[in-house]
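Mapping of the sequence shown onto our numbering: residues 48 to 202, in sequence order.
Derived from the structure by calculation, the hints contain no laboratory data.
Backbone N, C-alpha and C define an ideal beta-carbon position, used for all residues, glycine too.
Do not take every clue at face value.
Said to hold, decoys possible - Below are the SDA-like pairs computed for lysine to any residue, each with C-alpha atoms no more than 20 Å apart in a straight line:
hint	residue 1	residue 2
1	Lys130	Lys154
2	Lys61	Ser89
3	Lys154	Arg55
4	Lys61	Gly75
5	Lys61	Gln115
6	Lys61	Asp177
7	Lys130	Met87
8	Lys61	Met87
9	Lys154	Leu58
10	Lys154	Gly125
11	Lys130	Val118
12	Lys130	Tyr95
13	Lys61	Arg49
14	Lys154	Leu173
15	Lys154	Ser138
16	Lys130	Asp100
17	Lys130	Gly111
18	Lys154	Gly167
19	Lys154	Met87
20	Lys130	Gly167
21	Lys61	Thr101
22	Lys154	Leu200
23	Lys130	Thr108
Unchecked claim - Here are the in silico distance ranges between beta carbons for each label pair:
hint	residue 1	residue 2	range
24	Thr91	Asp120	27 to 35 Å
25	Gly136	Ser51	17 to 25 Å
26	Gln82	Pro53	32 to 40 Å
27	Ala170	Thr101	38 to 46 Å
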Amino acid sequence: MRISIPDRGELELKAAVFDYNGTLADGGRLVEGVQDRLIMLSRTLDIYVITADTFGAVRQTLAGLPVQVVVLDVEPGGPAKEKFVHSLGASVVAAFGNGANDALMLKAAGLGVVVLGDEGAAAETLLNADIAVSTITRGIDLLLDPRRLVATLRR
């Protein structure tokens, strides 16, 4: 996916990395509308879900979806998430999160999106994002219709 943003240049994305709890899921369950959007997004980007799997059900919940699940077994998770984004080539990654442990990955990514959602978002994460959205579905929609992304990021 290549997006031209006036006064910012080209943004080339090859992957999307999502935090799970608080971002894609609420209480361990996918937010309504996320499943269909992930399927559509997978047609253009590789999708990764990175999580400590607090509720222990991420693999079962995402079974059958076109995503790769990465379960972290290290604490703190922030540096591990950042390292993972770098392993994909940070400049071609769109990263989505809301917690303090997502701040580094959003800062490293070519596009960092903080999701305010029901849990809110850590101030540090908000400051490290390129865009803030009210819900994860609106965030994914930015990639499904990049004109929205351009409208938000152009100067």
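Looking at the structure, which of the earlier hints fail to hold? Checked against the structure, the hints that fail are numbers 4, 7, 17, 19, 20, 21, 23, 27, while the rest are satisfied.
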